[in-house]
Amino acid sequence: MHNEPFEPRIVAFFCNWCTYTASDLTGISRLAYAPNVRVIRVMCSGRIDPQFVLKALRQGADGVLIGGCHPGDCHYQEGNYKCLRRIKLLKRMLAEMGLEDERVRLEWIAGSEGDKVQKVVNEMTEQIRRLGPLRLAPIPVPHELVEEELAMAGAEEA
Amino acid sequence: MSTHQYKNNGDAPRIGVYICHCGMNIASKLNVAELAEYGKILPNVAVSRDYKFMCSDPGQEMIQKDIQEFNLNRIVVASCSPLLHEKTFRQAAADGGLNPFYFQMANIREHVSWVTKDFKEATDKAKALVSAAVRRVAQHQALEKKRVPVHSDVVIVGGGIAGIHAALTIANSGRKVYLIERQPTIGGHMAMFDKTFPTLDCAACILTPKMSAVKNHPNITLWSYSDVTKVEGFTGNFKVKIKRKPRYVIEEHCVGCLLCVDACVFKEPKFDDEFNLGMSKRKPIYLPFPQATPLTVLIDPETCLQLKRGKCKQTCAEVCERRAINFEQKEEEIEVDCGAVILSTGFKPFDAKRVPEYGYGHYNNVYSSLEVERMVNASGPSQGEVVLKDGSKPKSVGIIHCVGSRHAKTNKYCSRVCCMYSLKLAHLVKERTGAEIYNFYIDMRTPGKGYEEFFDKLLKEDVNFIRGRVAEVTNWAMTAKEEGKLIIRVEDTLIGSPRRIPVDMVILSVGLEAQADADEVRRMFGISCSKDGWFTERHPKLAPVSTMTDGIFLAGACQGPKDIPDTVAQAGAAAAEALALVDKGFVELEPDTAFIKEELCCGCRTCIGMCPYSAISPNLEKGVAVVNEALCKGCGTCVAACPSGAASQNLFTDEQIFEEIEGVLTYA
Numbered sequence: 001m002h003n004e005p006f007e008p009r010i011v012a013f014f015c016n017w018c019t020y021t022a023s024d025l026t027g028i029s030r031l032a033y034a035p036n037v038r039v040i041r042v043m044c045s046g047r048i049d050p051q052f053v054l055k056a057l058r059q060g061a062d063g064v065l066i067g068g069c070h071p072g073d074c075h076y077q078e079g080n081y082k083c084l085r086r087i088k089l090l091k092r093m094l095a096e097m098g099l100e101d102e103r104v105r106l107e108w109i110a111g112s113e114g115d116k117v118q119k120v121v122n123e124m125t126e127q128i129r130r131l132g133p134l135r136l137a138p139i140p141v142p143h144e145l146v147e148e149e150l151a152m153a154g155a156e157e158a
Numbered sequence: 001m002s003t004h005q006y007k008n009n010g011d012a013p014r015i016g017v018y019i020c021h022c023g024m025n026i027a028s029k030l031n032v033a034e035l036a037e038y039g040k041i042l043p044n045v046a047v048s049r050d051y052k053f054m055c056s057d058p059g060q061e062m063i064q065k066d067i068q069e070f071n072l073n074r075i076v077v078a079s080c081s082p083l084l085h086e087k088t089f090r091q092a093a094a095d096g097g098l099n100p101f102y103f104q105m106a107n108i109r110e111h112v113s114w115v116t117k118d119f120k121e122a123t124d125k126a127k128a129l130v131s132a133a134v135r136r137v138a139q140h141q142a143l144e145k146k147r148v149p150v151h152s153d154v155v156i157v158g159g160g161i162a163g164i165h166a167a168l169t170i171a172n173s174g175r176k177v178y179l180i181e182r183q184p185t186i187g188g189h190m191a192m193f194d195k196t197f198p199t200l201d202c203a204a205c206i207l208t209p210k211m212s213a214v215k216n217h218p219n220i221t222l223w224s225y226s227d228v229t230k231v232e233g234f235t236g237n238f239k240v241k242i243k244r245k246p247r248y249v250i251e252e253h254c255v256g257c258l259l260c261v262d263a264c265v266f267k268e269p270k271f272d273d274e275f276n277l278g279m280s281k282r283k284p285i286y287l288p289f290p291q292a293t294p295l296t297v298l299i300d301p302e303t304c305l306q307l308k309r310g311k312c313k314q315t316c317a318e319v320c321e322r323r324a325i326n327f328e329q330k331e332e333e334i335e336v337d338c339g340a341v342i343l344s345t346g347f348k349p350f351d352a353k354r355v356p357e358y359g360y361g362h363y364n365n366v367y368s369s370l371e372v373e374r375m376v377n378a379s380g381p382s383q384g385e386v387v388l389k390d391g392s393k394p395k396s397v398g399i400i401h402c403v404g405s406r407h408a409k410t411n412k413y414c415s416r417v418c419c420m421y422s423l424k425l426a427h428l429v430k431e432r433t434g435a436e437i438y439n440f441y442i443d444m445r446t447p448g449k450g451y452e453e454f455f456d457k458l459l460k461e462d463v464n465f466i467r468g469r470v471a472e473v474t475n476w477a478m479t480a481k482e483e484g485k486l487i488i489r490v491e492d493t494l495i496g497s498p499r500r501i502p503v504d505m506v507i508l509s510v511g512l513e514a515q516a517d518a519d520e521v522r523r524m525f526g527i528s529c530s531k532d533g534w535f536t537e538r539h540p541k542l543a544p545v546s547t548m549t550d551g552i553f554l555a556g557a558c559q560g561p562k563d564i565p566d567t568v569a570q571a572g573a574a575a576a577e578a579l580a581l582v583d584k585g586f587v588e589l590e591p592d593t594a595f596i597k598e599e600l601c602c603g604c605r606t607c608i609g610m611c612p613y614s615a616i617s618p619n620l621e622k623g624v625a626v627v628n629e630a631l632c633k634g635c636g637t638c639v640a641a642c643p644s645g646a647a648s649q650n651l652f653t654d655e656q657i658f659e660e661i662e663g664v665l666t667y668a
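Chain order of the listed sequences is P and F.
Heads up: the first sequence begins at 1 in my numbering, then just goes up one per residue.
Heads up: the second sequence begins at 1 in my numbering, then just goes up one per residue.
Don't take each hint at face value.
Stated by the list, open to error - Capping the alpha-carbon separation at 30 Å, the derived lysine-lysine pairs in DSS-like fashion look like this:
1) Lys116/P x Lys393/F
2) Lys116/P x Lys348/F
3) Lys241/F x Lys176/F
4) Lys481/F x Lys393/F
5) Lys116/P x Lys633/F
No lab work stands behind these hints, which were simulated from the structure alone.
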């Protein structure tokens with residue numbers, strides 16, 4: 001169906017203590033990965049409201065990636081378990097609604113696993129590429145670079 | 001830091017956007033100028049610029065000047081990770097007169113320039129992140145940091161040279177220290193060494209005075225033979241639970257006269273002596289080594305007849321005039337409050353059995369380096385004589401470097417100390433035996449003060465050096481000369497041919513590994529480990545003794561392989577960091593706590609069950625939930641669970657995150 005190559009849009013929610021730290025390490029280690037994933041930092045995966053996932057999908061994301069600490073390692077004791085339950089339920093609901101539940105992926109990535117971030121991001125991008133676009137929303141381009149505007153901005157500065 | 005002292009530049013957001021080049025780190029991988037231009041057309045942006053180093057003084061001054069000039073009330077900096085410089089820029093905003101929480105960072109270095117190959121793709125991704133930050137910051141509120149008092153005591157876990165040095169440094173400043181050591185004595189690995197490189201100082205001569213200083217210091221409480229079992233609380237206010245294992249000897253009564261040891265019903269020592277790595281024997285009641293601190297004997301419940309079978313003449317107790325022996329002693333649990341914790345739990349030597357081709361545990365005269373350390377020690381199992389299993393002196397000795405280190409099968413990393421201690425052992429063994437010594441090395445790594453000079457000295461002492469990784473150690477003689485010897489097979493890479501070197505004794509220079517229970521300790525203290533199990537510092541360059549958990553500091557080899565000078569230097573640094581925390585008297589906590597909007601709360605109590613810190617309770621009168629800010633740690637789990645949207649979290653409100661989601665989905 002979706003034969004034309006397309007660039008998936010993926011929103012990621014990473015917890016501050018493990019997965020966000022790991023994704024910093026991926027950078028520090030200069031491990032290149034697909035540019036399709038954009039990370040939003042939360043303090044704990046337990047903060048990830050299923051509504052964030054729905055909002056992202058509705059707003060034009062083709063997939064959502066969630067990263068938290070390994071079970072037993074949560075900085076806030078058990079936020080990751082709560083996240084796990086919520087996302088399991090949410091995925092069930094997505095399936096009911098006719099959405100592929102593989103569009104949402106939950107991963108445990110520890111602060112030292114910079115290479116895992118690279119692997120998961122690349123895998124996720126490929127997986128969404130295979131699933132094809134979700135297209136619940138058109139590609140948003142809310143701030144088009146209008147030459148006129150730029151010229152005006154330049155004039156203001158001067 | 002209260003809100004009223006800050007400027008009020010109107011309610012409508014006026015945002016300043018700053019794109020950092022980070023030298024070439026960002027600028028060479030994406031179009032910073034285009035990004036700054038893009039910033040200008042984002043909603044509510046009053047000024048957008050790019051600059052070489054935003055974290056530098058001129059960079060920060062640029063923000064402050066713009067706040068005045070453009071009446072900015074929000075700041076976005078697109079640069080490195082917020083985990084690195086968020087504090088820096090919040091302070092810059094505050095210095096410019098803004099509430100520091102009117103600030104958002106976009107991570108375009110770790111998350112973009114360092115991980116994206118394509119220039120345009122990187123520029124586009126950075127635009128999305130900047131757009132997200134701009135949209136988010138418009139939703140930011142002025143917040144205040146909470147101040148909480150700090151407990152002034154410090155707990156140090158691990159009584160090796162790192163823990164000892166840190167304890168003395170802090171105690172000398174007048175603060176109280178609890179030093180917790182799991183072995184019956186402090187001293188760690190250093191106490192087992194004979195001489196230290198490169199000065200050949202006697203280890204005991206420099207260590208034991210420090211050990212007794214710890215014991216006698218009025219500000220240090222030393223609990224040896226004790227384990228930390230639980231840690232609660234947060235920076236400045238930790239509660240640490242400690243389990244004190246029974247020694248069956250009352251520490252306060254024992255004077256270390258050792259009459260009990262002589263009197264033990266076992267006339268001869270019979271059990272493996274841990275301190276000498278099983279190369280000598282001890283009795284069930286024993287002192288770990290002559291300079292043990294505290295100088296208190298202990299009874300091993302595994303071998304003591306009274307403790308094992310309940311039947312013994314108790315000759316040890318009879319002879320003790322101070323009535324120090326108490327077979328009824330039970331495990332004790334103590335809880336202490338402290339402001340900071342220093343972890344100095346050290347390392348474990350690599351187990352040479354994991355490299356079976358070197359014959360450790362198989363051939364009699366293959367020793368690990370630590371065993372030879374004990375052997376050359378005057379108070380060791382052979383009183384300083386280096387001897388083979390049959391009691392004779394070796395005429396030739398091979399020392400194999402990098403055992404367990406620099407190998408994909410075992411540990412990839414260099415253990416840093418093996419080259420130098422191998423040279424030291426070469427010197428000591430030659431001095432004691434006059435044997436021909438062969439050092440088998442892959443690289444000689446001697447980067448320290450006086451280290452290369454020490455290597456030179458060894459060359460002049462006629463020690464042989466053969467470059468190449470040893471393939472195996474065997475006893476298969478091919479010539480009469482090899483008969484009865486251990487044969488080291490190696491490719492000599494300097495002459496480019498394989499060689500067989502027959503020797504009487506092989507010493508395996510084992511590397512350093514993280515403690516077996518490092519993962520458990522890491523969990524208990526809420527810090528992280530590298531893949532190899534070493535505790536991870538907050539930043540390898542700029543915060544080498546801090547951890548991601550505020551108030552927990554690292555000293556010594558628990559953070560990675562280190563020699564004694566580096567360990568002591570780091571212990572001093574950890575002590576200084578801990579003192580800087582506890583001496584300040586208070587800590588400022590992030591205001592990212594949860595709160596309940598009363599008008600939306602329906603009193604369903606979903607949030608109460610979610611909170612891991614029991615920070616939420618019901619207000620029965622109003623029928624709503626209430627968050628106790630002092631207990632809330634800001635995870636936001638309750639916020640995600642609240643069905644009516646009444647629970648919210650400072651710095652992470654739904655509105656802010658929704659804006660961020662829309663922002664990152666802006667594909668330019």
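Hint check results:
1. Lys116/P x Lys393/F: The given pair, whose Cα atoms are some 53 Å apart, is violated under the 30 Å limit.
2. Lys116/P x Lys348/F: 28 Å, holds
3. Lys241/F x Lys176/F: Roughly 17 Å between the alpha carbons, so the hint for Lys241/F and Lys176/F holds.
4. Lys481/F x Lys393/F: The given pair, whose Cα atoms are some 18 Å apart, holds under the 30 Å limit.
5. Lys116/P x Lys633/F: 28 Å, holds
Violation of the numbered hints given earlier is confined to hint 1; every other hint is satisfied by the structure.
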